[in-house]
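Take these sequences, add in the hints, and give me the full structure.
Quick note: the sequence shown uses full-length UniProt numbering, first residue 1, plus one each step.
Since the hints were made in silico from the structure, they are not lab data. Heads up, the beta-carbon is just placed ideally off N, CA and C, and yes, glycines get one too. Hints may be right or wrong, so weigh each one.
[What the hints assert, rightly or not] Pair by pair, the computed Cβ-Cβ distance ranges are: (1) Met178 x Met119: 18 to 26 Å; (2) Met116 x Val167: 18 to 26 Å; (3) Met182 x Leu202: 24 to 32 Å; (4) Val167 x Met84: 37 to 45 Å; (5) Met187 x Met120: 23 to 31 Å; (6) Met190 x Ile113: 18 to 26 Å.
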Amino acid sequence: MMMVGVMFLFERVVFVEVMMLTKNKRRMRIVMIFMMVPIYYDVGGGATASEAASNDDDKVVYNHVAHDVDDDYEDIMMMMMMMMCRLMMVATGILLYLMIMIMMSVPIMMMIIMMMMMMMMMMMMMMMMMIMMIIIIMMMMMMMMMMMMMMMMMMMMMMMMMMMMMVMMMMVMVMMMMMMMMMMMMMMMMMMMMMIMMMMILMMMHYMFKHFHFREKV
1 MMMVGVMFLF ERVVFVEVMM LTKNKRRMRI VMIFMMVPIY YDVGGGATAS
51 EAASNDDDKV VYNHVAHDVD DDYEDIMMMM MMMMCRLMMV ATGILLYLMI
101 MIMMSVPIMM MIIMMMMMMM MMMMMMMMMM IMMIIIIMMM MMMMMMMMMM
151 MMMMMMMMMM MMMMMMVMMM MVMVMMMMMM MMMMMMMMMM MMMMMIMMMM
201 ILMMMHYMFK HFHFREKV
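Here it is in structure tokens:
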């Protein structure tokens with residue numbers, strides 16, 4: 001019954017996660033589409049609409065002259081870079097989202113593992129108790145010396161076994177804890193990396209925008 005409950009809980013959580021994913025996918029897609037819309041840059045060559053509309057001939061001529069081939073190339077490169085930055089940002093965002101999802105699913109897995117361990121322990125205990133009871137009953141039934149000796153030997157063996165089991169369990173638990181700690185540490189590190197990457201990309205975008213976009217206007 002307990003296991004059924006746990007399974008149901010796990011299923012429910014998975015279902016919710018999937019729902020969240022499907023719900024957010026449209027939003028994410030929209031975000032991605034918006035992210036990928038290129039910003040309009042005056043790549044040079046001709047006059048812009050406003051300059052053509054105004055009767056300022058000097059301005060138009062200036063615009064023609066000021067742009068070298070070099071500048072054109074630079075501006076195109078700039079556009080490429082901006083697109084790359086935007087894609088990188090989208091990718092980092094999606095990765096962060098996925099990381100959060102994974103982080104959320106870890107505790108549930110831990111809970112299930114714990115439940116499993118508990119069930120195992122309970123089963124072991126029950127088995128031990130049953131065997132002990134049988135041994136005691138047998139001892140009560142046959143009060144012969146040989147039997148007593150044999151039972152004593154068996155009891156000793158059982159004790160040894162129990163001790164071994166306990167040690168094993170402890171080892172397993174410690175190992176699990178270590179694993180979990182390692183996983184958490186790795187997650188945190190990855191999150192930090194993502195954040196730093198995002199910040200770097202943002203800074204790069206900001207700098208490039210300032211540097212390239214307002215260069216001609218000054």
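Inset, instruction - Mind checking the hinted window 18 to 26 Å against the Cβ distance between Met178 and Met119? - result: 22 Å, holds
Inset, instruction - For the range 18 to 26 Å, tell me whether the beta carbons of Met116 and Val167 fit it or not. - result: Between Met116 and Val167, where Cβ atoms are some 19 Å apart, the hint holds.
Legend entry - Assessment of proposed distance window 24 to 32 Å (beta carbons of Met182, Leu202): 31 Å, holds
Legend entry - Whether the CB-CB distance between Met187 and Met120 falls inside 23 to 31 Å: Holds - the Cβ-Cβ distance for Met187 and Met120, about 27 Å, lies within 23 to 31 Å.
Legend entry - Hint check for Met84 and Val167 - Cβ pair distance inside 37 to 45 Å: Violated, since Val167 and Met84 (Cβ atoms, about 56 Å apart) do not stay within the stated range.
Legend entry - 18 to 26 Å as the expected CB spacing between Ile113 and Met190, which holds or is violated: Holds, at about 22 Å.
The structure fails to meet hint 4 from the earlier list, while all remaining hints are met.
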